[in-house]
Amino acid sequence: MKLLIAEDDVTSQMILETVTREWGYDPIIAEDGEVAWQIMQQEQAPQLLLLDWEMPNLSGIDLCQNIRKHETDDPAFIILLTSRSRTEDIVMGLESGANEYIAKPFDNAELQARLKVGKRMLDLQSERKQAQKEKERLQKKLELTRKMEALGQITGSIAHDFNNILGITMGYTSMALSRFGKDVPAKMKEYLETAMESSERAKSLVAKMLTYTHGEEQEAAPLDFASTIESCINNLHAMMPDTIEISFKAEQDLPEILFDPRNLEQLVVILCENASDAMAGTGTINIRLDWQHNIKAECTDCQTLLEGDWIELSIADTGTGMSEEVIEHIFEPFYTTKSFGKGMGMAMLHGILNRTDIHTIIESTPEIGTKISLLFQPTSS
Amino acid sequence: MEDCSALIFDHAAINKRLLGKTEIVIKIARVFVEDMAIQLAKLDPLVQAGNFEPIKLQAHKIKGSSANMAALQMSEMAKAMEMAAKDSNIEKITELHPKLLQSFTALKQEFEAVLF
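Protein sequence lines correspond, in order, to chains A and B.
If you're matching positions, the first sequence starts at 400 in the numbering used here and goes up one per residue.
If you're matching positions, the second sequence starts at 172 in the numbering used here and goes up one per residue.
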């Protein structure tokens with residue numbers, strides 16, 4: 400544990416540094432109050448502090464008050480170390496915000512015991528904070544699950560009814576075309592064919608809605624990811640403007656993954672289309688396949704805490720990026736930021752993620768770009 | 172009243188404080204001697220000028236540093252000087268100043284004998 404020692408006397412600095420290091424702390428020395436205050440304003444500042452009272456530039460008392468005034472939700476544990484031993488000094492020290500008060504010359508056993516108290520308090524504080532964070536994460540996950548379930552039911556119900564109606568429309572249109580094809584006027588035939596094409600597009604949309612709600616049965620097979628993605632990229636080239644480049648790099652000797660190749664293609668197409676749209680038709684989509692070890696992250700979709708080794712398929716663009724608010728709603732069906740979008744791409748992705756054990760991490764900065772990673776577990780794990 | 176009979180240097184106490192690490196005791200003692208010479212040099216013009224508040228602060232610093240190094244006699248002298256400065260007693264300060272310097276000389280001799 401890091402321990403800030405603010406002490407202007409070099410002999411005391413060396414003694415304190417020696418003994419506290421021996422007790423397992425990681426001492427950081429500040430030769431006056433001002434230096435200590437600068438250290439406390441840095442990120443990852445020490446939380447266990449040993450402050451001398453009399454110091455040049457900023458006294459231990461003023462330093463204590465400054466620290467308490469600017470403290471957030473991680474209060475430091477402050478031990479004031481001083482040769483002042485009158486009751487009014489002790490009261491003043493504690494009222495300035497110190498947790499403990501030790502008289503100089505200090506006794507080793509007492510100092511060690513006080514530091515242990517501080518460490519214990521800070522450990523408890525950290526555990527409480529972690530527990531609170533975990534509670535909030537689980538609450539958010541529960542709310543999200545409920546919301547997505549409700550949306551799934553509504554979407555599924557609409558898709559089902561719409562599919563039936565569409566079946567009738569397409570059936571009769573098809574019958575009209577095949578039975579009276581020769582006799583209908585050319586203009587009428589064109590109308591019927593247009594109606595049929597539009598119905599096909601509607602059917603495709605319904606299929607996407609159904610993928611979001613329950614999807615097709617998975618046909619997982621041991622998959623050579625790199626070659627599946629390469630073949631997918633070849634198809635994407637045909638679908639995308641020439642001004643969009645797609646670069647693909649795959650780490651060698653990746654382990655096998657059990658996954659449905661159709662789903663993998665769907666995922667790559669959805670993410671690449673979104674990347675292309677985000678770059679307004681010009682730019683490079685960088686696709687990478689890497690083995691990431693000992694990761695510690697949270698799935699952006701289901702908020703599950705991810706640890707260990709994962710195969711990461713990342714698709715990055717240099718497009719408009721997304722705000723946190725957009726990311727919060729990105730998996731909801733019909734949610735879109737595009738004027739021409741239907742808001743089903745990422746909802747489909749959510750549907751696939753929901754039925755498999757893959758996860759996603761979205762990193763995005765407005766006006767800089769977006770990287771969406773899909774994390775797969777290797778077959779061996 | 173300063174305690175001139177106090178031990179010049181409590182070797183056992185500093186050894187215990189530094190967890191029996193003799194080489195560190197020696198290293199810190201050398202730093203202490205260098206630093207204390209500077210601190211005493213700073214005290215000299217203050218005593219000559221009779222500036223009580225700066226004398227009090229400097230004596231306080233010497234008192235703390237000596238106490239940490241287990242230089243008990245010096246610590247007692249500095250404590251008495253701090254009190255005298257608090258009482259604006261220039262006679263006492265003038266009397267204690269050479270005693271403090273002598274105590275430092277005695278301490279250095281003791282360090283030479285038992286540490287260096």
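Misleading hints may appear alongside valid ones.
As a list, the in silico EDC-like pairs of lysine to aspartate or glutamate whose alpha-carbon atoms are at most 20 Å apart [as the list claims (entries may be wrong)]:
id, chain 1, residue 1, chain 2, residue 2
1, B, K232, A, E731
2, B, K198, A, E430
3, B, K227, A, D407
4, A, K518, A, D407
5, B, K232, A, D407
6, B, K227, A, D506
7, B, K187, A, E430
8, B, K192, A, E618
9, B, K227, A, E487
10, B, K213, A, E430
11, A, K503, B, D206
12, A, K540, A, E421
13, B, K232, A, E421
14, B, K213, A, D506
15, B, K198, A, D488
16, B, K187, A, E453
17, A, K468, A, D506
18, A, K741, A, E727
19, A, K546, A, E416
20, B, K213, A, D431
21, B, K232, A, E416
Everything labelled a hint here was simulated from the structure, so no lab data went into it.
This structure is a prediction, so every number in the text was calculated from the model and none was measured.
Hint-by-hint comparison with the structure:
1. For the proposed pair K232 (chain B) and E731 (chain A), the alpha carbon gap of about 67 Å is over 20 Å, so the pair is violated.
2. This hinted pair checks out: K198 (chain B) and E430 (chain A) have alpha carbons roughly 19 Å apart, not beyond 20 Å.
3. Between K227 (chain B) and D407 (chain A), the direct Cα distance comes to roughly 16 Å. Compliance with the 20 Å bound is thereby established for this hinted pair.
4. For the given pair, K518 (chain A) sits about 24 Å from D407 (chain A) by alpha-carbon distance, which is inconsistent with the 20 Å threshold.
5. Restraint check for K232 (chain B) and D407 (chain A): the C-alpha separation of about 9 Å stays at or below 20 Å, so the hint holds.
6. Between K227 (chain B) and D506 (chain A) the alpha-carbon distance is near 25 Å, which puts this suggested pair outside the 20 Å criterion.
7. For the hint linking K187 (chain B) to E430 (chain A), the alpha-carbon distance of about 25 Å lies beyond 20 Å, and the restraint is violated.
8. Under the criterion of a C-alpha separation no larger than 20 Å, the hint pairing K192 (chain B) with E618 (chain A) is inconsistent with the structure, at around 69 Å.
9. Simply put, K227 (chain B) and E487 (chain A) have alpha-carbon atoms about 19 Å apart, close enough for the 20 Å limit, and the pair holds.
10. Distance restraint check for K213 (chain B) and E430 (chain A): the Cα-Cα separation of roughly 18 Å lies within the 20 Å cut-off, and the hinted pair is therefore satisfied.
11. A hinted pair counts as satisfied when its Cα atoms are at most 20 Å apart, and K503 (chain A) with D206 (chain B) qualifies at roughly 19 Å.
12. A distance of roughly 44 Å separates the Cα atoms of K540 (chain A) and E421 (chain A); the hinted pair therefore is violated under the 20 Å criterion.
13. The hinted pair formed by K232 (chain B) and E421 (chain A) fails the criterion: a straight-line CA distance of about 26 Å is larger than 20 Å.
14. As the CA atoms of K213 (chain B) and D506 (chain A) are separated by approximately 29 Å, the hinted pair breaks the 20 Å bound.
15. For the hint pairing K198 (chain B) with D488 (chain A), the CA-to-CA distance comes to about 33 Å; that exceeds 20 Å, so the pair is violated.
16. In summary, the hint linking K187 (chain B) to E453 (chain A) is not supported, as the alpha carbons are separated by about 26 Å, beyond the 20 Å threshold.
17. Between K468 (chain A) and D506 (chain A) the alpha-carbon distance is near 30 Å, which puts this suggested pair outside the 20 Å criterion.
18. A distance of roughly 17 Å separates the Cα atoms of K741 (chain A) and E727 (chain A); the hinted pair therefore holds under the 20 Å criterion.
19. For the proposed pair K546 (chain A) and E416 (chain A), the alpha carbon gap of about 55 Å is over 20 Å, so the pair is violated.
20. Straight-line distance between C-alpha atoms of K213 (chain B) and D431 (chain A) comes to about 18 Å, which keeps the hinted pair within the 20 Å bound.
21. Our distance criterion of 20 Å between C-alpha atoms is met by K232 (chain B) and E416 (chain A), whose separation comes to about 19 Å.
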